[in-house]
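**Student:** Sequence:
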Amino acid sequence: MMTGSPTRKGTTPIKVWVLPDEKGDIVNKAKSAGLSASAYLRNVGMGAPVTGIADKEAVMELVKINADLGRIGGLLKMWLTNDEKLELEGHSSARLESVILAALRDTKAIQALLYQKASALKF
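In terms of the working numbering, the sequence shown is numbered consecutively and its last residue is 123.
None of these hints come from the bench; they were simulated from the model.
Careful, some of the hints might be misleading.
With a straight-line cut-off of 20 Å between C-alpha atoms, the simulated SDA-like cross-links for lysine to any residue are [claimed, not checked]:
hint: 1; residue 1: 15; residue 2: 27
hint: 2; residue 1: 31; residue 2: 19
hint: 3; residue 1: 108; residue 2: 52
hint: 4; residue 1: 15; residue 2: 44
hint: 5; residue 1: 31; residue 2: 46
hint: 6; residue 1: 64; residue 2: 121
hint: 7; residue 1: 77; residue 2: 110
hint: 8; residue 1: 108; residue 2: 56
hint: 9; residue 1: 77; residue 2: 66
hint: 10; residue 1: 31; residue 2: 52
hint: 11; residue 1: 31; residue 2: 51
hint: 12; residue 1: 29; residue 2: 53
hint: 13; residue 1: 56; residue 2: 113
hint: 14; residue 1: 117; residue 2: 44
hint: 15; residue 1: 29; residue 2: 12
hint: 16; residue 1: 117; residue 2: 68
hint: 17; residue 1: 77; residue 2: 98
hint: 18; residue 1: 29; residue 2: 45
hint: 19; residue 1: 31; residue 2: 49
hint: 20; residue 1: 29; residue 2: 44
hint: 21; residue 1: 108; residue 2: 120
hint: 22; residue 1: 56; residue 2: 36
hint: 23; residue 1: 23; residue 2: 45
hint: 24; residue 1: 9; residue 2: 42
Being a predicted model, the structure only gives us computed values, none of them experimental.
Let the hints inform the model, and build the full structure from the sequences given.
**Tutor:** Right, here's the structure in full:
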């Protein structure tokens, strides 16, 4: 005899009459949420939020990009605080300053884009 959470198999189904294109839409939305059509309709009917797989994947991608930005910032800080590295490069201080400022501008632009994309995600 098995124990654990009860399953819905063998219980009473609810039949819903839909047009073929409506069925296609429901199946597509269920797939994008990583659910079966039955689970999707049950969640919607019960008022549970439906999150898409794409949203979760997008969040993970944003997290990875943000971590990369943090590592870049750490490397830039280490480079700037290491006088020996600066002397080995052999560049003028004006040239180094312009390169550093350009890198900081690019980093800030990427951070702004990340914030914009993260704000657009729906949970």
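**Student:** Hint check: residue 77 vs residue 66, CA-CA at most 20 Å. Holds or violated?
**Tutor:** Satisfied, since the Cα-Cα distance of roughly 17 Å is no more than 20 Å.
**Student:** Against the 20 Å threshold, does the CA-CA distance of residue 108 and residue 56 hold or violate the hint?
**Tutor:** violated (24 Å)
**Student:** Does residue 98 sit within 20 Å of residue 77, going by the straight-line distance between their CA atoms?
**Tutor:** holds (15 Å)
**Student:** For residue 31 and residue 19, compute the direct alpha-carbon distance and say whether it is at most 20 Å.
**Tutor:** Holds, at about 18 Å.
**Student:** What's the verdict on residue 9 and residue 42, does the C-alpha distance respect the 20 Å limit or exceed it?
**Tutor:** Cα-Cα ~14 Å, so holds.
**Student:** Between the alpha carbons of residue 29 and residue 12, is the straight-line distance 20 Å or under?
**Tutor:** violated (24 Å)
**Student:** So if I understand the rule, the pair passes when the alpha-carbon distance is 20 Å or less; does residue 29 with residue 45 pass?
**Tutor:** Roughly 14 Å between the alpha carbons, so the hint for residue 29 and residue 45 holds.
**Student:** If you draw a straight line from the CA of residue 56 to the CA of residue 36, is it 20 Å or shorter?
**Tutor:** Given that 20 Å is the threshold and the Cα spacing comes to 17 Å, the pair holds.
**Student:** Verify the proposed pairing of residue 23 with residue 45, using a straight-line Cα cut of 20 Å.
**Tutor:** holds (16 Å)
**Student:** Holds or violated: are the alpha carbons of residue 56 and residue 113 at most 20 Å from each other?
**Tutor:** holds (18 Å)
**Student:** With a cut-off of 20 Å on the C-alpha distance, tell me whether residue 108 and residue 52 pass.
**Tutor:** violated (29 Å)
**Student:** With the threshold set at 20 Å, check whether the alpha-carbon distance from residue 15 to residue 27 stays at or below it.
**Tutor:** holds (15 Å)
The structure fails to meet hints 3, 8, 14 and 15 from the earlier list, while all remaining hints are met.
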